[in-house]
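J.: Residues per chain, in single letters:
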Amino acid sequence: MGKIPVLSFHSGSQKTIWAVGGGKGGTGKSFFTANLGLLLAQMGEDVVLIDADLGGPNLHTFFGLKKARTDLGHFISNEVPALKETLVPTPFDNLRLIKGTDDLLFTSNLNYYKKLKLMRHIKTFNTKRVVMDIGTGSSYNCVDFFLLSNPGILVINPEPTSIENSYYFLKSCIMRILNLYSRHYNIQDLFKKASSQVKNNSKSIYSFLEEIISHDQHYADLLYRALTRFQPRLVINKARDERDYYLGESITKVVQKHLVININYIGAIPFDEKIHLSVKKMIPFIHQFQNTPAGISFKNIAEKMVKTDKENPGYPP
Amino acid sequence: MKFKKIEDMNYYEIMDVSRSASQEEIHRAYQICKQAYSRSSMALYSLIKDAEREDVLEKIEQAYSVLGVPQKRKKYDQTVLHMPPRREEDSYFRTTTGKLIIEDGDQKKGLSEKLKRFFTRKKS
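Chains as they are written, first to last, in this note's numbering: chain A, 110 to 426; chain B, 25 to 148.
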């Protein structure tokens, strides 16, 4: 039986590709990506940031960069043969960027194999750390980039709208994994049957697996094992009080039971008016305000990501 | 690694704590679970229905009513989970357990014993 591309993609690779997503727009994904990249660069790591937000890229703006001779679109449309050629320097040491494309035509053209090609080229970079901003929504583009990374980082706000969209995004990721595995094990009929039951009765992934169990415990266990490999990290952005900080822990508990996956909560970033100021000035927040509560939280998160990566590297499911 | 239904989970799994968790860890896990499944919990938004929330919360309360009380927990571990007795955290013997094991174990032959055997062995 052949390998599932998502399963085998990272085997033997020491490179970490972190994809930042989260479903809803405006949660601070690009802000998080830019500042995380800069912190890692300041820690002495060679970092490449990729703006894979195909709907509305603006990662470059956080560094005050405007135009680039080549961007991700040129690689996707085969105008440049190697992704390396689209790398541009930023004003900061150890930090380079691949600017996103604002040509909407590419969003519909990006099929699964183009995404795999993009990831293959990223693997050839002579750098250990790659951070991708995958943008808003739960489209296949976003879901696949998130699943191909090791691991994906979910950035959410302590608001019902953000939580709702994040759950929708996670469910989309989970159903994508289950679908890929069902095809791999040739149990699409069982998958369809359980999916229709889930649609009729409840929307939870737990109910889906429960339905599979009623038909075949063995396959339920196989699919469950696939899901346990999917371990996204969670960041709460714009936390305003103690309850917002604890929200991350609550989310890990409920997601484990009802979406049947393990989320690793890596911290919260407090709301700070100065963030708005830094975006307006087009200078990364932590470059100006490293010693503020938000700056310190950011540093802790970056260190935790690096530490977790060493102890327990995430692999795509 | 098997998928388990919530109703088939044991108390440790319900509260997502390891079986060797301290009473403090169990209490902290309970606080997080209780917060997560409270009526006003934002973490549950759009995820499950209220009836399901109440059902899980009831299971959490039930689990804590046992795991939160050391004597009840010990009985649960032994009778339901068939686990060997756990070492109590405040046991007087805890710090000397290693010594007791050494004393109860096989005696290793020391240098004097080896010399004694060397000089007293019979010539063949």
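In short, the hints are calculated from the structure, not lab data. Note that the structure is predicted; figures quoted are calculated from it, not measured. It is possible that some hints are incorrect.
Just a sample of chain A residues kept apart from chain B, beta carbon distances all over 12 Å, derived [said to hold, decoys possible]: (1) ASN235; (2) SER275; (3) ASP330; (4) LEU368; (5) ASN371; (6) THR401; (7) SER406.
Listed next, with one range per pair, are the computed distances between beta-carbon atoms [unchecked claim]: (8) SER44/B to LYS302/A: 37 to 47 Å; (9) VAL197/A to GLU37/B: 43 to 53 Å; (10) THR103/B to LYS223/A: 34 to 44 Å; (11) ARG52/B to HIS293/A: 34 to 44 Å; (12) SER70/B to ASN288/A: 15 to 25 Å; (13) TYR69/B to MET391/A: 27 to 37 Å; (14) GLN55/B to THR170/A: 18 to 28 Å; (15) GLU37/B to THR170/A: 23 to 33 Å.
Ideal Cβ placement from N, Cα and C applies to all residues, glycine included.
J.: Taking the hints in turn, state whether each one holds.
T.: Now for the hints, and whether the structure bears them out:
no.	hint	verdict
1	ASN235	holds, 37 Å
2	SER275	violated, 10 Å
3	ASP330	violated, 5 Å
4	LEU368	violated, 8 Å
5	ASN371	violated, 10 Å
6	THR401	holds, 26 Å
7	SER406	holds, 20 Å
8	SER44/B to LYS302/A: 37 to 47 Å	holds, 40 Å
9	VAL197/A to GLU37/B: 43 to 53 Å	holds, 50 Å
10	THR103/B to LYS223/A: 34 to 44 Å	violated, 59 Å
11	ARG52/B to HIS293/A: 34 to 44 Å	holds, 39 Å
12	SER70/B to ASN288/A: 15 to 25 Å	holds, 22 Å
13	TYR69/B to MET391/A: 27 to 37 Å	holds, 34 Å
14	GLN55/B to THR170/A: 18 to 28 Å	violated, 42 Å
15	GLU37/B to THR170/A: 23 to 33 Å	violated, 46 Å
Checked against the numbered hints given earlier, this structure breaks hints 2, 3, 4, 5, 10, 14, 15; the rest are met.
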